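*Asks:* Sequence:
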Amino acid sequence: MRARLALVLSTVLLAGCGSSGSGAGGAESGSDAPSASTTVTPTGTSTGTPSGVPAPPSSATSSTPVSLVDRCGDIAAGTRRVALTVAGQRLSAAERGTGSTVAVLLHQTNGDGLCGWTTGAKLFADKGIRTLSIDLCGYGESTCTLSPAQQVRGAVDWARSHGATRVGVVGASMGGSIALGTARTSGTDVTVDLSGPTNRSDVPDAKTAARGLRTPLLVAASKDDTDTDAATLQAATATASGPHRFVATPSGHGWDLVTSYRAGADHPTPLLATIVSWLGGNYAGG
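Just so we're aligned, residue 1 is where the sequence shown starts under my numbering, counting upward by one.
Do not rely on the hints blindly, as some may be mistaken.
[What the hints assert, rightly or not] Derived DMTMM-like pairs: lysine to aspartate or glutamate, alpha-carbon spacing no greater than 25 Å straight-line:
1. K127 x D157
2. K122 x D112
3. K122 x E141
4. K127 x E95
5. K223 x D266
6. K223 x D205
7. K122 x D266
8. K127 x D266
9. K207 x D225
10. K122 x D157
11. K122 x D74
12. K207 x D224
13. K122 x D70
14. K207 x D229
15. K122 x E95
16. K207 x D227
17. K127 x D74
Just so you know, the hints here were simulated from the structure itself, not pulled from any lab data. Note that this is a predicted model, so its numbers are computed, not measured.
Generate coordinates for the entire structure from the input sequences, incorporating the hints supplied.
*Replies:* Below, the structure written as structure tokens:
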């Protein structure tokens with residue numbers, strides 16, 4: 001009896017060993033087990049990428065800035081990226097047009113940074129004004145921590161070092177507040193504030209910034225604009241020592257004051273013509 005039980009047990013054990021296929025741990029021919037070409041990272045985690053197949057692109061590739069047309073639309077065709085470094089930090093910028101008179105364009109809080117100025121930049125370029133639009137820190141592609149004064153001065157200095165004989169700073173809404181608030185230190189030849197709110201924590205308020213300002217100052221706002229205080233801007237403009245002018249517009253805010261869309265196309269407003277005159281040094285024109 002014992003001999004018969006030993007024979008049965010031996011047969012069961014042999015059958016179990018044979019179910020593993022050929023070789024220790026080997027897969028049977030025709031199975032779906034992973035092949036030996038699967039790679040392993042240094043940490044021992046399988047990438048699952050068969051040999052001969054390129055690995056996915058690194059995150060550095062995906063962070064490469066897209067073209068300005070892809071970012072801002074077809075209207076940006078003809079705009080050139082600019083490598084602008086200020087105090088060791090990168091400031092995203094774009095240049096359009098040619099000529100020795102340059103307008104540094106400061107954007108408002110909407111419109112994806114400098115993209116909001118794309119239409120205005122084209123209209124200025126059509127009038128012979130070269131433009132330098134920047135992404136202020138924290139907007140668009142600029143992740144810098146520079147102060148407004150550093151950013152504007154850096155842009156003005158870049159323009160002068162790249163052929164500009166006259167440089168004006170033109171700001172829309174938030175950009176207008178920054179243009180006026182930094183006018184004493186930016187090195188600009190003329191400051192243009194379009195609907196800038198009268199108070200910001202990072203620059204002097206409109207009254208303080210304009211009082212006694214010697215460089216030419218052009219300010220525009222609509223009386224019906226609830227995002228700024230046109231009366232305060234007008235009163236502040238009147239305290240400047242140099243050439244100054246306040247333009248009361250019928251409507252609009254920020255960069256909308258210089259563009260008009262009609263008959264399927266963008267057109268410059270009379271205010272844009274005034275700005276062009278001031279940028280060129282003709283403060284009675286426009």
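*Asks:* Taking the hints in turn, state whether each one holds.
*Replies:* Results for each hint:
1. Taken as a hint, the K127 and D157 pair is honoured in the structure, with Cα atoms around 23 Å apart against an allowance of 25 Å.
2. At most 25 Å may separate the alpha-carbon atoms for a hinted pair to count; K122 and D112 meet this at roughly 17 Å.
3. Between K122 and E141, the direct Cα distance comes to roughly 21 Å. Compliance with the 25 Å bound is thereby established for this hinted pair.
4. Between K127 and E95 the alpha-carbon distance is near 15 Å, which keeps this suggested pair within the 25 Å criterion.
5. Of the pairs offered as hints, the one joining K223 and D266 holds, with about 24 Å between alpha carbons and a cut-off of 25 Å not exceeded.
6. Our distance criterion of 25 Å between C-alpha atoms is met by K223 and D205, whose separation comes to about 19 Å.
7. With a C-alpha separation of about 10 Å, the suggested pair K122 and D266 falls inside the 25 Å cut-off, and the hint holds.
8. With a C-alpha separation of about 14 Å, the suggested pair K127 and D266 falls inside the 25 Å cut-off, and the hint holds.
9. Annotation: proposed proximity of K207 to D225 holds, straight-line Cα distance about 18 Å (limit 25 Å).
10. For the proposed pair K122 and D157, the alpha carbon gap of about 22 Å is at most 25 Å, so the pair holds.
11. For a cut-off of 25 Å, the pair hint linking K122 to D74 stands: about 12 Å separates their Cα positions.
12. Our distance criterion of 25 Å between C-alpha atoms is met by K207 and D224, whose separation comes to about 20 Å.
13. Of the pairs offered as hints, the one joining K122 and D70 holds, with about 17 Å between alpha carbons and a cut-off of 25 Å not exceeded.
14. The suggested pairing of K207 with D229 holds, with an alpha-carbon distance near 12 Å, which does not exceed 25 Å.
15. Note on K122 and E95: the hinted pairing holds, with a Cα-Cα distance of about 10 Å set against a maximum of 25 Å.
16. Between the alpha carbons of K207 and D227 the distance comes to roughly 17 Å, so the proposed pair stays at or under 25 Å and holds.
17. For the given pair, K127 sits about 20 Å from D74 by alpha-carbon distance, which is consistent with the 25 Å threshold.
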